[in-house]
Amino acid sequence: MVQPTIEETRLSTEQAIQTYRADARITDVDALVVENFSVYYETDSGTVKACDDVTFTLKQGERFALVGESGSGKTTLAMGLMRLTRPPGHIAKGSVTLNGRDVTKLSENEMRKTRLSELALVPQGAMNSLNPVMRIERQIVDGFLDHRSEDDKALSKDELKEFVRDLLIRVGLRPGVARLYPHELSGGMKQRVAMAIGISLRPNLIIADEPTSALDVVVQRQIMQTLGRLQEGLDASIMLVGHDMGLVAQFADTIGVMYAGKLVEVGPVEEVFSDPKHPYTKLLIRSLPSLQEKREFLGIPGLPPRLINLPNSCAFADRCPSRFDKCDQSVPQTLNLGGRRETACHLYEGEGQS
Amino acid sequence: MSTFLELDHVTKTFGSEGMFGNGQVTVAVDDVSLSIDEDEPSITTVAGESGSGKTTLARLLLGSHVPSDGRMLYRGKDFTKLTRRERRNFRREIQPIFQDPFESYNPFYKVDHVLDAPIKNFKLASSDKEKKRMIEDALEMVGLLPEETLGRFPHQLSGGQRQRIMVARALLLKPRVILADEPVSMVDASLRATILDSIRRLNRDLGISVVYITHDLTTAYQISDNIMVMYRGTVVEAGTVDAVIPSPQHPYTQLLIESIPQPDPKNRWGSEPPQQNWDTGDTQMNGCRFADRCPAVMEHCNESKPLQYLMNEHQLATCFLHQEKGEMTNPDITSTFQTEKETIKAIPADMSI
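Sequence order for the protein chains is A and B.
Numbering follows the numbering used here, in which position 13 of the first sequence is assigned residue number 21; successive positions increment by one, without gaps.
Numbering follows the numbering used here, in which position 167 of the second sequence is assigned residue number 169; successive positions increment by one, without gaps.
Quick caveat, the hints were computed from the structure, so don't treat them as lab data.
Be a bit skeptical, because a hint or two may be false.
[What the hints assert, rightly or not] Derived SDA-like pairs: lysine to any residue, alpha-carbon spacing no greater than 20 Å straight-line:
| # | chain 1 | residue 1 | chain 2 | residue 2 |
| --- | --- | --- | --- | --- |
| 1 | B | K176 | B | R90 |
| 2 | B | K268 | A | R349 |
| 3 | B | K79 | B | S129 |
| 4 | A | K101 | A | E50 |
| 5 | B | K122 | B | F104 |
| 6 | B | K268 | A | E301 |
| 7 | A | K302 | B | R90 |
| 8 | B | K83 | B | S66 |
| 9 | B | K268 | A | E50 |
| 10 | B | K268 | A | L296 |
| 11 | A | K302 | B | Q340 |
Full structure from sequences and hints, please.
In structure tokens, the structure reads:
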């Protein structure tokens, strides 16, 4: 595959900001098709179905946000897509089609080449993902050389330097940062370095796992906007994993809500926020504090269920205000409610088709 | 009106220009005056980004940092001149709650340990029975069931539960002031509500003043009465939340509020704001510290420091844009605060889903 040079596709910051979401280039090409994807952890007390039968599609150029509370399986899903699941976890079933290939069937070596060049991860807590005894320059070059295709021509030292310089500028850092060590950077700068590594091989899909947790609001906004600009510059898709509904509303095109290992609702961000279907999504949106009015805090009563030996009923039933008989009798199937809206709830069985 | 704790023109600097210093002096807190009153307990938010000095301010209030300049007064007495006994009393009366509910526990001890220790230390209970009752009362106060929490190890509890035990621990000591440093930033959004709610109850039901340190202005607006916004050591804006949040006057506060990710897809962020330039040392900046990022920067912003100007009875801003409003006569920023409680609207019954 001939890759365009960085120069050819680079947008200036001003241009990129102007195109911000107004005319997002979401195409009709499927970038990622996940079908019945399941990641289980085998433990002494039973199988933990941390990610169970998840199915969704991501279009090229789309920003998909996966939300859920801690323990809902969102990070397990993201790691599973990268095939970075560690024992006792394993991919139990399902397929992940990326650029027409099923990544669950690739050999370890092919997978290694796929990571970073087609599918990149911007990890949670970038502060801990950088090597403290290596200069930034080395860390960027390391990933780049390790994951790129062997057919690409070797680069000279000066070309590599230029490459790193260019990447740093694109993520909004001074080129001088290349010579620094991680401890000399602020949290936001480290997150930018992690993004530079993530985009160094021009991936089609960027998975960003809570890229801004532990950063303050202004830096968070800058990082998310930079990430969005980079994604648009690469015409890539992005999967944002997190629990901050505010961030999702600001950034994403499509939202997927996870609860107890299952995807319980999927839909365009604007529609889901204005008309949530699944009772969990409704409670989640209602619990958000607002700057417009002061009111009592509304949490979601109860705790999520343990994922070991889940009974044959809806996992949210115990916390659900709209619970009825059927909820205790069977696991709700995913229903299509028209357009791109889907939900897994017995309440809508008359309306949609499974 | 009796003042519990008072900061009088306090400055705290780190680093030095001396023989062993690297010449870089960081002014973490720059000339701040405030007072915490005990008769009229309120919740005060200290807001700002990382590096704004909010944690240094908290440590000054806890007595774990000594001011480089200015004085701290505890019940009217200079903090450095306290007797042992008074200092011990001070340590009981102001209690911290920290950010990370995972690191504040020793994983080898059951959670009971963090509750036992303060009782032993300050000899609060005369018998085991009394101790047990005190612990149970404190846990119930923060909405935890003693039988579900006691006797467990920290890893067996959720982050929200652990953080609430920390609140209960603080409560045991019957403090006058609780200082909560980002108590919910590491906790899931759905659990935040319960923790903030228990903090709010402490204030309302037990009359404890709360200093809530955060960068999250949404929760600040929801729970606190007053707010002070810090930027690179300076208090740039202060007042009641009802004055400041709906109508921020300092460009930095405006940026902060604009950057909050509102859960509304129809109302998205504007263009990307400029990054902070950490290369300029604090002492090299003669003027306003926000000048290099300020969209409304004027010529004299780089030359001299703005003073605190009083916008109205309940709001001050440290910005030349408001120079004509007149300088504050009382340097104590808490003089703009309001202490009476306003009743918060309960959610209407028809909002069921």
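Evaluated hints:
Taking the CA atoms of B:K176 and B:R90, the gap is about 14 Å. The hint holds against a cut of 20 Å. Taken as a hint, the B:K268 and A:R349 pair is honoured in the structure, with Cα atoms around 18 Å apart against an allowance of 20 Å. Straight-line distance between C-alpha atoms of B:K79 and B:S129 comes to about 34 Å, which puts the hinted pair past the 20 Å bound. The straight-line distance between the Cα atoms of A:K101 and A:E50 is roughly 14 Å, inside the 20 Å bound, and the hint therefore holds.
Taken as a hint, the B:K122 and B:F104 pair is broken in the structure, with Cα atoms around 23 Å apart against an allowance of 20 Å. Under the criterion of a C-alpha separation no larger than 20 Å, the hint pairing B:K268 with A:E301 is consistent with the structure, at around 18 Å. This hinted pair does not check out: A:K302 and B:R90 have alpha carbons roughly 38 Å apart, beyond 20 Å. A distance of roughly 15 Å separates the Cα atoms of B:K83 and B:S66; the hinted pair therefore holds under the 20 Å criterion.
Between B:K268 and A:E50, the direct Cα distance comes to roughly 43 Å. Violation of the 20 Å bound is thereby established for this hinted pair. Restraint check: the Cα-Cα separation between B:K268 and A:L296 comes to about 16 Å, which is no more than 20 Å; the hinted pair holds. Proposed proximity of A:K302 and B:Q340 is supported: the alpha carbons are some 17 Å apart, at most 20 Å.
Figure legend: structure checked against the earlier numbered hints; hints not met, in rising order: 3, 5, 7, 9.
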